[in-house]
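S.K.: Chains as they are written, first to last, in the UniProt record's numbering: chain U, 1 to 275; chain C, 1 to 275; chain E, 1 to 275; chain L, 1 to 275.
Since the hints were made in silico from the structure, they are not lab data.
Any given hint could turn out to be false.
Repeated chains share a single entry, so a pair holds when one copy, or any two copies, can fit it.
Each computed SDA-like pair below joins lysine to any residue, with the alpha-carbon atoms no more than 20 Å apart [stated by the list, open to error]:
id	residue 1	residue 2
1	Lys-232	Ile-165
2	Lys-109	Asn-139
3	Lys-143	Ala-182
4	Lys-22	Ser-164
5	Lys-252	Ser-20
6	Lys-271	Glu-248
7	Lys-91	His-272
8	Lys-252	Asn-117
9	Lys-197	Ile-165
10	Lys-252	Glu-274
11	Lys-252	Asp-107
There are 4 protein chains.
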Amino acid sequence: METLSDTILSQVIRRRPENSHKGTFGRAVLIGGNAQYGGAIIMSAQAAASAGIGLLTVITDPRNHSALHARLPEAMVVDWQDFQLIDEIQKSADVVLIGPGMGLELDSKLLLQSILNKQTASQWLVIDGSAITLFSRQNKPLKYPERTIFTPHQKEWERLSRLSIENQTLERNHLRQQELQASVVVKSHRTEIYTEKNIYKNPLGTAAMATGGMGDTLAGIITAFIAQFPDKEQALCAAVYLHSLIGEDLSKNRYVVLPTELANQLPYYMKHFEQ
Amino acid sequence: METLSDTILSQVIRRRPENSHKGTFGRAVLIGGNAQYGGAIIMSAQAAASAGIGLLTVITDPRNHSALHARLPEAMVVDWQDFQLIDEIQKSADVVLIGPGMGLELDSKLLLQSILNKQTASQWLVIDGSAITLFSRQNKPLKYPERTIFTPHQKEWERLSRLSIENQTLERNHLRQQELQASVVVKSHRTEIYTEKNIYKNPLGTAAMATGGMGDTLAGIITAFIAQFPDKEQALCAAVYLHSLIGEDLSKNRYVVLPTELANQLPYYMKHFEQ
Amino acid sequence: METLSDTILSQVIRRRPENSHKGTFGRAVLIGGNAQYGGAIIMSAQAAASAGIGLLTVITDPRNHSALHARLPEAMVVDWQDFQLIDEIQKSADVVLIGPGMGLELDSKLLLQSILNKQTASQWLVIDGSAITLFSRQNKPLKYPERTIFTPHQKEWERLSRLSIENQTLERNHLRQQELQASVVVKSHRTEIYTEKNIYKNPLGTAAMATGGMGDTLAGIITAFIAQFPDKEQALCAAVYLHSLIGEDLSKNRYVVLPTELANQLPYYMKHFEQ
Amino acid sequence: METLSDTILSQVIRRRPENSHKGTFGRAVLIGGNAQYGGAIIMSAQAAASAGIGLLTVITDPRNHSALHARLPEAMVVDWQDFQLIDEIQKSADVVLIGPGMGLELDSKLLLQSILNKQTASQWLVIDGSAITLFSRQNKPLKYPERTIFTPHQKEWERLSRLSIENQTLERNHLRQQELQASVVVKSHRTEIYTEKNIYKNPLGTAAMATGGMGDTLAGIITAFIAQFPDKEQALCAAVYLHSLIGEDLSKNRYVVLPTELANQLPYYMKHFEQ
Chain U
1 METLSDTILS
11 QVIRRRPENS
21 HKGTFGRAVL
31 IGGNAQYGGA
41 IIMSAQAAAS
51 AGIGLLTVIT
61 DPRNHSALHA
71 RLPEAMVVDW
81 QDFQLIDEIQ
91 KSADVVLIGP
101 GMGLELDSKL
111 LLQSILNKQT
121 ASQWLVIDGS
131 AITLFSRQNK
141 PLKYPERTIF
151 TPHQKEWERL
161 SRLSIENQTL
171 ERNHLRQQEL
181 QASVVVKSHR
191 TEIYTEKNIY
201 KNPLGTAAMA
211 TGGMGDTLAG
221 IITAFIAQFP
231 DKEQALCAAV
241 YLHSLIGEDL
251 SKNRYVVLPT
261 ELANQLPYYM
271 KHFEQ
Chain C
1 METLSDTILS
11 QVIRRRPENS
21 HKGTFGRAVL
31 IGGNAQYGGA
41 IIMSAQAAAS
51 AGIGLLTVIT
61 DPRNHSALHA
71 RLPEAMVVDW
81 QDFQLIDEIQ
91 KSADVVLIGP
101 GMGLELDSKL
111 LLQSILNKQT
121 ASQWLVIDGS
131 AITLFSRQNK
141 PLKYPERTIF
151 TPHQKEWERL
161 SRLSIENQTL
171 ERNHLRQQEL
181 QASVVVKSHR
191 TEIYTEKNIY
201 KNPLGTAAMA
211 TGGMGDTLAG
221 IITAFIAQFP
231 DKEQALCAAV
241 YLHSLIGEDL
251 SKNRYVVLPT
261 ELANQLPYYM
271 KHFEQ
Chain E
1 METLSDTILS
11 QVIRRRPENS
21 HKGTFGRAVL
31 IGGNAQYGGA
41 IIMSAQAAAS
51 AGIGLLTVIT
61 DPRNHSALHA
71 RLPEAMVVDW
81 QDFQLIDEIQ
91 KSADVVLIGP
101 GMGLELDSKL
111 LLQSILNKQT
121 ASQWLVIDGS
131 AITLFSRQNK
141 PLKYPERTIF
151 TPHQKEWERL
161 SRLSIENQTL
171 ERNHLRQQEL
181 QASVVVKSHR
191 TEIYTEKNIY
201 KNPLGTAAMA
211 TGGMGDTLAG
221 IITAFIAQFP
231 DKEQALCAAV
241 YLHSLIGEDL
251 SKNRYVVLPT
261 ELANQLPYYM
271 KHFEQ
Chain L
1 METLSDTILS
11 QVIRRRPENS
21 HKGTFGRAVL
31 IGGNAQYGGA
41 IIMSAQAAAS
51 AGIGLLTVIT
61 DPRNHSALHA
71 RLPEAMVVDW
81 QDFQLIDEIQ
91 KSADVVLIGP
101 GMGLELDSKL
111 LLQSILNKQT
121 ASQWLVIDGS
131 AITLFSRQNK
141 PLKYPERTIF
151 TPHQKEWERL
161 SRLSIENQTL
171 ERNHLRQQEL
181 QASVVVKSHR
191 TEIYTEKNIY
201 KNPLGTAAMA
211 TGGMGDTLAG
221 IITAFIAQFP
231 DKEQALCAAV
241 YLHSLIGEDL
251 SKNRYVVLPT
261 ELANQLPYYM
271 KHFEQ
């Protein structure tokens, strides 16, 4: 097991090549946000944009489009019932994030299945929030490509792994990760990352971050990092670490850190650690 | 009668336990905001989020959802006509705030009655704004659980207590509070708090805070404090005091203090007084 | 003719009485904003709120409600087709502002007529923007109460006064103001104020303020000042002067001053000049 | 070929004449933003407003109006299906920008054709984004007036010029510009500007600007500069240069520069270089 440190940021966040364009930094597609939980996908989108994604499309309930644009005109939006357009957008994606605020309705489940079916082996997939719970509810496990990252919090991990929270030891978690054949980020006040060969422990995190939306924000950062940086395992670790680092820093003079405020700090922190 | 001071903040605002998650800091459900007064519940929500609530759901007219999300994606939203979902959400609540901008329509009254009927003895209830007026208009008094806090301004208190403003003395107010069997915050330029055994006087407050929305903001802070901190009477006192303290501080260089600006300061002040 | 100076601010902007509430600082009703020009009434509302109005209701096309709330939850909103509610709201107003972004449609004209008919002698009325043009187009002049202020820019004043811009001399303007039996603010890079007995010249103003929305912002400040301060003629002068003073100050490091940015400065400037 | 420098800013950005009004600084009409790409035209609008345009109307899908107003009440809005109003608005324009986020649908194409047909010889036209692609797809070339500026990125230029990116040499680009009889801005990490007689090279630009929306922002700045400043060729050069200059400066402490953040800096930079 490796404990993460600032080193991971310097390793991952590279000076951008001068001759580049927005396509160079990846195309992310974020899927989530039903009528009740629309804020979740908005927070993921803000985080992805501030974490440097090149192009960003958000597929969500149309009731969320106006608020998303009011906060982040940098994002493109698609109605999550527009299956034809979703297909086309998914094809162009380097990374797909599915789940934040997606809800557990039948429509959400069907959309999840459709996205999984069409995901190709060269694309990365981040499965978060409601999508993890939808996964856990399937009798017959859903298929997903190899390049998949699950980002459950402990309760969601309980559902997905069938390990109760007290049984979520490093060993058992890793075993279960091997069975899943996907990377797993188990979020808690000391988040752990499980990949095929390694376990990483995040030494940072603060109770000031224990507020709704922090996980959605992390999912957005992970998505942007996977899209931009070549070593995907390191990129995942860097995203987790940076999220907590900013949260800790902001908590020095804030009792609670609002997720959108954390996201706003990303460009400055990334510049600071850029090599 | 006890006059509040900074001490109440240090007593109430405790360092957060390290091993915690968003559920640790409470689930608040905020109900209010018709088509005309939607801004009120938006302001309550911003205050509750900045005051550190763990999870926040706002039940309001759907016409307010987009503006709420544009300001505060951290909140979840529910259509206030969706009774089935409201039931489910209310069950999960630690604290319910009802009233800001709710209006006096029949639908608002029916929703108030339904919420009161379903509130359990273990849940806290904050009754503010229009909901207090709705209360006052009932011939047959509505029932409510013991863990209830009314937050009227003087005019609303007149309606609820049948005491004209000039007759609102400490003694008469306390007597009426005893009959109500609920805590009462009588808001004025020197707000008073009445509980079963005590009367507290807030020595702070400034005319720069005399602007629409300040009460909605206070209701949000009270809700978040009751949800987070174990001693509910102290938490209530701390919320009232902190609201005025920030208002006074901001008024040092502002002729008028906008409620949303006050809310933004909460994380910093709470950190400052954290013990 | 009197040239305005900082003195007018100190005379008008009084320390608020300690024992006060939001009602103490006036109720303003702002009417305007069709589907095309909704931003205008939003900017008026922001200015009125930041200039210290106690309670603020905006009557506008419902398509503008969400954006208004997203910017300013402090305002209440009413559908400008809801005549019954408009009647009720107007009755409670200390000052009515009508015109910003109202448009010239038949519906706008009918609403203007209805508001004029129901305005009482004790209420103040500010007529701005489209409402001035609507006025000018009537063959039979519309009636309005004595406590009325017109705030045309030079082109609108041309329409209302039938004086071409080159003929808008102090004398002719004053003569026309006497016929109108209302105060008139003729907006230009050196705005003039005409009242029954006096003419005031504003020595401030900068080309950095020559951008769409500045007039709407001024109308909001005038409305809030008339509502709050006892000497209405002085309040009008102070509003005009302060608007330009802030504009000039901001222009020291900005090539163009956006109206909403100007409005945000109001609380600080008002505090500075408070006596 | 001329390499741009700070000099171009001092030459173009003139102190505003004191006796002026919003009409003095031009009327811009921005057309674009379908349901998917609405953020693009919002970003163009923010840039145009901050770059000092006098009056600004945005013609876009009505689904974008609320978000636009929530960000920028300074803009007026028109439904892009309201052909009669569009006609009227276009007549009053000094500069029309068409294309950001417009999409490639049939309706977008018809709107483009209609705008081109009605553009007069005295008005300037900026053709950006989707509108360039729509152009490239016509078998029979669309007609446009002489005062036209195309602002393609390299891939769009490939479509319009039929020159593959590797073949986009200065000479070939210039030749193709001569055939088009319009100015051309070929956007890349080192943007080039082609006019009838000159080629300008922008020495600035940074990979931190390689994010969705940067081009929309540039289009807004170009539009505002063409509308305000008398020498149109120099105004175009200054817009391109200033966009990159701000981007580079912001990138000194940000890993990625969000387009809306860049736009917010415009008033300060323009003031700094004002002569």
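S.K.: Hint by hint, say whether it matches the structure.
M.R.: These are the hints, each one checked on the structure:
| no. | hint | result |
| --- | --- | --- |
| 1 | Lys-232 x Ile-165 | neither (28 Å within a copy, 30 Å between copies) |
| 2 | Lys-109 x Asn-139 | within (13 Å within a copy, 44 Å between copies) |
| 3 | Lys-143 x Ala-182 | within (11 Å within a copy, 53 Å between copies) |
| 4 | Lys-22 x Ser-164 | between (43 Å within a copy, 18 Å between copies) |
| 5 | Lys-252 x Ser-20 | between (37 Å within a copy, 17 Å between copies) |
| 6 | Lys-271 x Glu-248 | both (18 Å within a copy, 13 Å between copies) |
| 7 | Lys-91 x His-272 | neither (34 Å within a copy, 46 Å between copies) |
| 8 | Lys-252 x Asn-117 | neither (45 Å within a copy, 43 Å between copies) |
| 9 | Lys-197 x Ile-165 | neither (23 Å within a copy, 42 Å between copies) |
| 10 | Lys-252 x Glu-274 | between (23 Å within a copy, 11 Å between copies) |
| 11 | Lys-252 x Asp-107 | neither (42 Å within a copy, 45 Å between copies) |
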